[in-house]
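**Q** What follows is each chain in one-letter form.
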Amino acid sequence: MNALSYISISFLIIPLMALFICILLKRSRQNLGFYLMGLFTLTQMGFALHGLVLFNNLKISEFLFGLPITESLTDIFTLKSVSLVILFCIGLVALVSLLIANKTMPEDKKLSYLRLLSTLILGMNGIVLINDLFTMYLFIEIIGISSFVLISTTKTQEGLESAFIYLVMSALASILILTGIAFIFMRTGNVEFSYLIEVAKTQGNAPQNALTYLSYILIISGLLIKTGAVPFHSWLPDAHQSADTSVSVLLSGIVIKAAGVYCLITVTEIFGNLYVIRLSLAIIGIITIAIGALFALHQNHFKRILAYSSVSQMGYMLLGISAGGVLGLIGTVFHIFNHAVFKSTLFTNAAAIHEETHTLEIDKMGGLQKQMPITATTSLIAFLSTAGIPPLSGFWSKLLIIIALWNAGFIGFGITALVLSIFTAAYFLRLQMNVFFGQTPESMKNVHEVGGSIKFAEVFLTIITVAVGLGFPFILLYLEASGIL
Amino acid sequence: MEITISICLGFMLIFAVIAVMNKSMLKSAIALALVSIMLGVVLYLLSAEWAAVFEISVCSGLVTVISVSAISLTNEDKGQLQKKYMDKKRMAILPYILILSGFLLVFIVLTAKIDLPYDKISEPVSDSLSEVLWNSRQADVWGQIIILLTGAFAVVTLFKEA
Amino acid sequence: MSAFEIAVLATGFLLILAGCFCLMRTYHIIKIIIGIEIAMKAVTLFIAYAGHINGEMGLAQSFIITIIVVEVVIAVVLSGISLNLYKKYKSMDLRNIRKLKG
Chain D
1 MNALSYISIS
11 FLIIPLMALF
21 ICILLKRSRQ
31 NLGFYLMGLF
41 TLTQMGFALH
51 GLVLFNNLKI
61 SEFLFGLPIT
71 ESLTDIFTLK
81 SVSLVILFCI
91 GLVALVSLLI
101 ANKTMPEDKK
111 LSYLRLLSTL
121 ILGMNGIVLI
131 NDLFTMYLFI
141 EIIGISSFVL
151 ISTTKTQEGL
161 ESAFIYLVMS
171 ALASILILTG
181 IAFIFMRTGN
191 VEFSYLIEVA
201 KTQGNAPQNA
211 LTYLSYILII
221 SGLLIKTGAV
231 PFHSWLPDAH
241 QSADTSVSVL
251 LSGIVIKAAG
261 VYCLITVTEI
271 FGNLYVIRLS
281 LAIIGIITIA
291 IGALFALHQN
301 HFKRILAYSS
311 VSQMGYMLLG
321 ISAGGVLGLI
331 GTVFHIFNHA
341 VFKSTLFTNA
351 AAIHEETHTL
361 EIDKMGGLQK
371 QMPITATTSL
381 IAFLSTAGIP
391 PLSGFWSKLL
401 IIIALWNAGF
411 IGFGITALVL
421 SIFTAAYFLR
431 LQMNVFFGQT
441 PESMKNVHEV
451 GGSIKFAEVF
461 LTIITVAVGL
471 GFPFILLYLE
481 ASGIL
Chain L
1 MEITISICLG
11 FMLIFAVIAV
21 MNKSMLKSAI
31 ALALVSIMLG
41 VVLYLLSAEW
51 AAVFEISVCS
61 GLVTVISVSA
71 ISLTNEDKGQ
81 LQKKYMDKKR
91 MAILPYILIL
101 SGFLLVFIVL
111 TAKIDLPYDK
121 ISEPVSDSLS
131 EVLWNSRQAD
141 VWGQIIILLT
151 GAFAVVTLFK
161 EA
Chain X
1 MSAFEIAVLA
11 TGFLLILAGC
21 FCLMRTYHII
31 KIIIGIEIAM
41 KAVTLFIAYA
51 GHINGEMGLA
61 QSFIITIIVV
71 EVVIAVVLSG
81 ISLNLYKKYK
91 SMDLRNIRKL
101 KG
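Protein chains in written order, with my numbering: chain D, 1 to 485; chain L, 1 to 162; chain X, 1 to 102.
Do not take every clue at face value.
[Claimed, not checked] As a list, the in silico SDA-like pairs of lysine to any residue whose alpha-carbon atoms are at most 25 Å apart:
no.	chain 1	residue 1	chain 2	residue 2
1	X	K87	L	T111
2	D	K59	D	K26
3	L	K160	X	L17
4	X	K90	L	L45
5	D	K26	L	S72
[Claimed, not checked] Facing chain L, according to a computed beta carbon distance under 8 Å, are these residues of chain X, among others:
no.	residue
6	C20
7	M24
8	T44
9	L45
10	G51
11	V70
12	A75
13	V76
14	S79
[Said to hold, decoys possible] Have a look at the derived ranges for each label pair, beta carbon to beta carbon:
no.	chain 1	residue 1	chain 2	residue 2	range
15	L	F107	D	I283	28 to 38 Å
16	D	I475	L	A112	23 to 33 Å
17	D	E192	L	F107	35 to 45 Å
18	D	L58	L	I97	33 to 43 Å
19	D	I283	L	K89	31 to 41 Å
20	D	H358	L	G102	25 to 35 Å
21	L	F103	D	Y213	44 to 54 Å
22	L	F107	X	R25	18 to 28 Å
23	D	T377	X	Y89	37 to 47 Å
Simulated from the structure, these hints should not be mistaken for laboratory data.
Virtual Cβ for every residue (Gly too), placed ideally from N, Cα, C.
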C-alpha cells in the first residue's frame, strides 16, 4: 500500500513543487525550467502507468488518500482506474506542449507560460481525484482562469478578442453549474458523489421533483458549454485559431476533456438512470458530430479545421456517455486517450508548418510532401486514425462506442454515427490534398524539414498511435479475462 | 424576521438594477458594494454569521476597492462614456424583463403547486464552521490555495510589459 | 409554498437573470465583472437559504466562503487584463477588438 500512497500524493505535490520552483527561477535560466517541467510530466506518465500495474496486482479499483498535513489523515481524494488513464493523457499532452513551446513561444513569455502550465496541470490533476460536486466546480474555475490567461499571453488583437469570448462563455457556464449545485444542496443536505449515487440507486427511473430536473438541466448545460458541444461551441474555433500553438494543443488535448467530458462522465453516474437525460445527450451528440464536420469542410485556416474537428469528436464522446454501461465507459475513456494523441499530432504538424512557412492558410500551400516528408507521414497516419481506419487506435474506440450504442438500444444513433464518419474522412482528405499533395507554389520552394523538438514530438506520438492500435486487442482480451467486460 | 429579510431582498434587487443600467462606472461599482452589504445583512439574519462577516469585509470592501482603482486608472471622459457605450439605452429593457419574469415565476409556482421537498425547517446541526471547513472540506481549502496562487501568477503575467 | 419562500427564490432567479443580461449585452470590460459578481451573489443567497432549510449551516458557510474567494480572484484577473488593454489600445471598448467571425 505504501507505493500506491506515495504515487497518489505525488500527483498533487509534484505540480506544486514545479510551481514553487518556477517562482524562484530567474529569467536567464528558463531553459532549465523547461527541462524540469519535461521531467515532471514524464514522471507523471510513469507514475500513472505504474499505478495501473499496482491496481491490477492488488485487485482494487479505487484508492482513497489524503494529504498528510493535519494530524487526522482524512480521506479526501479518490484515485480510480479511469483517473489513472486521464492522468497519463494529461502528462502526455503537457509534454507535447512543452516540446512545441520550446520553439514557438517568444523568449520573454516562456517563464509565464511555465508558471501557468503548472497551475493548469494542478487544476486538471485535481479534477480527476476529488469525490465531491462542489470541489469539482472549484477546480473547473481554476482551469478556466489559467486557460484564459494562457490564451491571452501573446497580446495580439485576435488573441485578446477570442480570450474575452472564452471568458464570457466560461463565466456563464460556471454560473449555471453553481446554481445547479445549489439546488442539489437544497434537495439533499450532502453533495458528495457516494451519497448521491446511493440516492440515485434507490430512486431508479421514477419521475422526479421539478427542482431535481431543473438542477440536472442546469449542471448538464454548464458542462456542455465547457465541452464545446453544439449549440455552445462558438468559443472553440476562435480560441484555437488565435492562441499560440502550444496553448491550442493544451486546450484541445486536455482542457475540454478534463473539465468537460470527464465531469459529464462522473455526473452521469449520479443520474444516468433517467432515460430522458440519456436520450437528450445522444441527440446533442449526433448534432455535434454533424455540425462540426459540416463546418470543417468550408474553412481555410489549418487550426480552424482542427478546432471544428475537435467539436466533432466531442460528439462521439457524448454518444459514448449516453450509451452507458461498462462498454460505453471504456469506449469513451479510450476515445479520450486517442483524441489526445492524434489531435496533438495534428497540432504539432501545424506548428511545424507555421515554423517553416510562416503561414497557416491552406490555399497558399501545396505539395509540401517532398520537402517535409516526416510531417506529411505523421499527418497522414493521424488522419487515418481519426477517420477510424483499422488497425490504428481510432478504429477501436469508435467501434466500442458504436457497439455500446447498439447494446443500449440506440440503434438509429449508431447507424447515423457510422455514416457521419464519412464526413470526418472528407474534410481531412481535403486538408491533406491542399497542404501536402499537388503543385508547390512559388513562395514555398525553399522550405525544409523542421528539426529539433517538434520532429521528436511528431514521431513519438505516431509511434504511440500505431503501437496502441496494434496492441489493443490484447488489452481487450485482458479486460475480458479479469471480468470487467 | 421574515419581513426584514424581504425588505432587504427588495433593496438588493433595486441596487442590482442600478448597478447594471447606470452609465457611470463609478456609480455602478458603488451600487455593487451596496448589494453586498444588503446580502451580508440577509446572511446574518439567516443565522450564517461567519459568512456574513466574510461577505461584507471582502466583497463590499476588497472587490470594490479593486474595481474603483481599475476604473479610476482607465478614466475616460464622461461625455464620451455616455455617447459610446449607450448603456442606459441598451439595457433599458431590463426592468421590464425583470418585472415580467417575476410575475411569470410567481404565477407558475402558484398554479403548478410546486413545493420544496422538505417538511419543516430543521434545527441547526451542531457542527461548528471550523470543524467542517478543516476536516471534511479539506479539499476545498487546497483548492482555495491553488486558485489564489493562480490569480497571483495571472496578474504577474498580465502586468509584464511586452 | 409560503410567501417568504417565493420571495427568496424569486429574488435569486431575478438576480441571476440581471447578471447574465449584463454579462452578455455590455460593451465595457468592467461591466463584465459587475455582471459575474451579481450572479454569484444570487447563488450565495440560494446556498444560504438551502442551509437554513436543511440545518447544515456549517457546510453552507464553507461553500459561501469558497465562492467569495473565487469572486475576488475573478475580479482581480479581469481588472488586470482591463488595465493591460487600456495601456495598449487606449480604450475600454470591446467593439474595438472585435474582428473575428464565428
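**Q** Would you mind marking each hint as holding or not holding in the structure?
**A** Verification of the hints:
no., hint, in the structure
1, X/K87 / L/T111, "violated (55 Å)"
2, D/K59 / D/K26, "violated (46 Å)"
3, L/K160 / X/L17, "violated (36 Å)"
4, X/K90 / L/L45, "violated (45 Å)"
5, D/K26 / L/S72, "violated (34 Å)"
6, C20, "violated (11 Å)"
7, M24, "violated (11 Å)"
8, T44, "holds (7 Å)"
9, L45, "holds (7 Å)"
10, G51, "holds (7 Å)"
11, V70, "holds (6 Å)"
12, A75, "holds (5 Å)"
13, V76, "holds (5 Å)"
14, S79, "holds (4 Å)"
15, L/F107 / D/I283: 28 to 38 Å, "holds (31 Å)"
16, D/I475 / L/A112: 23 to 33 Å, "violated (51 Å)"
17, D/E192 / L/F107: 35 to 45 Å, "holds (36 Å)"
18, D/L58 / L/I97: 33 to 43 Å, "violated (58 Å)"
19, D/I283 / L/K89: 31 to 41 Å, "holds (39 Å)"
20, D/H358 / L/G102: 25 to 35 Å, "violated (57 Å)"
21, L/F103 / D/Y213: 44 to 54 Å, "violated (23 Å)"
22, L/F107 / X/R25: 18 to 28 Å, "holds (26 Å)"
23, D/T377 / X/Y89: 37 to 47 Å, "holds (44 Å)"
Figure legend: structure checked against the earlier numbered hints; hints not met, in rising order: 1, 2, 3, 4, 5, 6, 7, 16, 18, 20, 21.
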